[in-house]
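Protein chains in written order, with the working numbering: chain X, 1 to 458; chain S, 459 to 507.
Hints may be right or wrong, so weigh each one.
What the hints assert, rightly or not - In silico lysine-lysine, PhoX-like type, Cα no more than 25 Å apart, as pairs: (1) Lys493(S) x Lys140(X); (2) Lys110(X) x Lys476(S); (3) Lys47(X) x Lys503(S); (4) Lys503(S) x Lys109(X); (5) Lys503(S) x Lys134(X); (6) Lys503(S) x Lys118(X); (7) Lys422(X) x Lys170(X); (8) Lys493(S) x Lys118(X); (9) Lys458(X) x Lys493(S); (10) Lys503(S) x Lys398(X); (11) Lys47(X) x Lys129(X).
As the list claims (entries may be wrong) - Residues on chain S that point at chain X, a partial pick, calculated with CB under 8 Å: (12) Glu477; (13) Asp478; (14) Phe480; (15) Leu482; (16) Leu484; (17) Ala488; (18) Leu494; (19) Val496; (20) Pro499; (21) Val502; (22) Phe506; (23) Phe507.
Hints are computed from structural coordinates only; laboratory data are not their basis.
Quick reminder that beta carbons are idealized off the backbone N, C-alpha and C, glycines included.
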Amino acid sequence: MAGGGIGIEYSFRALPRMLPGLILCMVFGWAALQWDATTHGWSVDYKEAERLLSIAGKEGGAFAPFADYTAKSKESFALKEAEYKTKIDEHKAALGALQAGQAKPKEPKKPAKPHLLKESEYNDLAQSKEMPGKFSFGNKIIQFQLTYVAMLLLVGMLIRNTVGVAEVFKAGTIAARPIIKPGIIILGGYYLWSDLLKVGAIGLGLVVTFVLGTQILISYWGRRSKVDEGLAGVMAAGVGVCGVSAAVAVAPVVNAKPRDFFYAIGTILLFGTLALFTFPYIGQALNMSQPVFGAWAGTAILNTAQLVAAASWYGHEALLTANVINIVRVGFIPLIVLWTIYFYVVQPAIAAGGEAQKVNVWQVVREKFPIFILGFFIIVTMNEYGMFVQSERDILGKELLKLFFAIGFAGVGLNIAFDDLKKAGGTAFVIGVVAATLKAVLSAVAVMAIGAEVFAIK
Amino acid sequence: MPSEFEKKAQDTFSAERKEDVFVLILAAIAVVLVKLGVIGPSFVKSLFF
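Sequences and hints are given; from them, build the entire structure.
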């Protein structure tokens with residue numbers, strides 16, 4: 001799914017229909033981000049409390065008065081700040097003396113402000129000498145990665161499949177899903193073209209090998225197994241590249257019947273949903289670094305919303321890498337349509353001794369190219385020319401990005417309906433799931449063999 | 459006469475184009491507001507308790 005706007009069109013005329021659902025997603029997204037901020041705060045408090053308890057343990061259980069505790073932290077931070085200022089001056093001098101062809105010296109990292117417990121919490125800890133329950137809870141939540149992403153997807157799915165989503169909200173929750181895309185665009189502030197080309201080149205290799213490979217495999221396997229061409233065609237495009245959008249794009253080419261289409265969509269959604277909820281834990285179990293996980297999710301998960309959600313779930317660095325691979329992948333939609341035209345229309349015509357149908361390649365590319373990725377390239381270029389300072393990059397690529405993602409993921413969670421997943425079935429389902437699993441396993445092996453260094457966005 | 463899916467595909471891609479334009483505008487507004495300093499480092503934090 002490049003976008004996911006199936007069934008709803010952005011226009012002022014449709015706004016009244018979309019508004020209730022959009023507001024619902026905003027409120028739901030806000031609640032999840034509030035949950036994230038609270039549990040994250042408790043988790044940081046947990047680490048500080050753990051440090052204090054350990055110091056107190058060594059010093060016979062005595063806690064310093066709160067005033068001493070804050071003064072000591074401020075003193076230590078002031079020392080780190082002074083060291084940073086010296087280092088940043090040295091860095092600037094080195095940049096000034098830099099000659100053409102030399103590598104840029106690395107910018108020193110600004111020291112983070114120390115996290116201090118609130119006075120009441122510090123005093124409670126000093127008195128009880130036991131870890132407060134809410135800190136332990138926050139720490140467990142972070143350990144199990146139950147962040148805003150997980151909450152929006154799990155709770156959203158639960159709501160959709162138990163109490164349901166009222167009809168008045170449905171259009172808006174569908175329209176909320178593409179709000180992930182402005183987040184993808186503004187994330188561009190974290191990239192330089194050199195990173196993009198480095199990871200993009202490897203990403204291109206992965207996309208050609210695994211994404212196009214899957215499409216070609218399903219096309220031939222479907223033909224050998226005598227699966228209806230319409231069904232095999234939409235399944236190949238959907239499982240190979242980009243979920244629902246690619247399936248819709250190729251449906252007219254292969255004369256898919258509505259039943260074929262819904263079987264394929266059911267398979268795509270089922271696999272994508274399973275991947276979304278299992279990949280972050282598989283990645284952890286396999287000890288995948290963030291960049292490696294990002295590359296894996298970008299290659300193996302079938303649609304933009306799901307892969308962005310899984311990568312965000314894993315961490316910010318994973319998201320940076322997954323985003324590049326995804327940009328390369330969705331740029332391939334026109335090529336997927338061209339392959340389908342060749343395999344299902346041109347090749348059979350030639351085999352039957354007929355004349356090959358002429359294909360207007362430029363028209364296919366122009367019509368099917370997802371233009372939102374141009375926005376991402378513009379932001380990368382702005383960053384390349386130094387148009388963003390670090391604080392602006394963080395506001396765009398971390399804070400506003402979370403707002404956009406939260407609204408979008410709320411829409412994704414509230415639209416995971418088990419009834420849609422049940423539509424998958426038949427031989428084509430087996431072919432689709434086997435091919436998608438094969439792609440996931442082989443791409444995991446490939447990205448782990450390639451290693452984190454290649455996929456890291458610096 | 460276009461088939462059901464030809465029509466569906468045309469409608470989908472027309473809707474996705476509009477959607478892409480909408481998200482480009484949304485991203486542009488976000489960048490302009492950040493560059494103008496309207497959205498500063500404390501903006502998002504101020505939305506939460």
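Against the structure, the hints:
no. : hint                  : result
1   : Lys493(S) x Lys140(X) : violated, 38 Å
2   : Lys110(X) x Lys476(S) : violated, 42 Å
3   : Lys47(X) x Lys503(S)  : holds, 22 Å
4   : Lys503(S) x Lys109(X) : holds, 23 Å
5   : Lys503(S) x Lys134(X) : holds, 21 Å
6   : Lys503(S) x Lys118(X) : holds, 18 Å
7   : Lys422(X) x Lys170(X) : holds, 20 Å
8   : Lys493(S) x Lys118(X) : violated, 34 Å
9   : Lys458(X) x Lys493(S) : holds, 23 Å
10  : Lys503(S) x Lys398(X) : holds, 12 Å
11  : Lys47(X) x Lys129(X)  : holds, 14 Å
12  : Glu477                : holds, 4 Å
13  : Asp478                : holds, 4 Å
14  : Phe480                : holds, 4 Å
15  : Leu482                : holds, 5 Å
16  : Leu484                : holds, 4 Å
17  : Ala488                : holds, 5 Å
18  : Leu494                : violated, 11 Å
19  : Val496                : violated, 11 Å
20  : Pro499                : holds, 6 Å
21  : Val502                : holds, 4 Å
22  : Phe506                : holds, 5 Å
23  : Phe507                : holds, 7 Å
Going through the hint list in order, the structure does not satisfy hints 1, 2, 8, 18 and 19.
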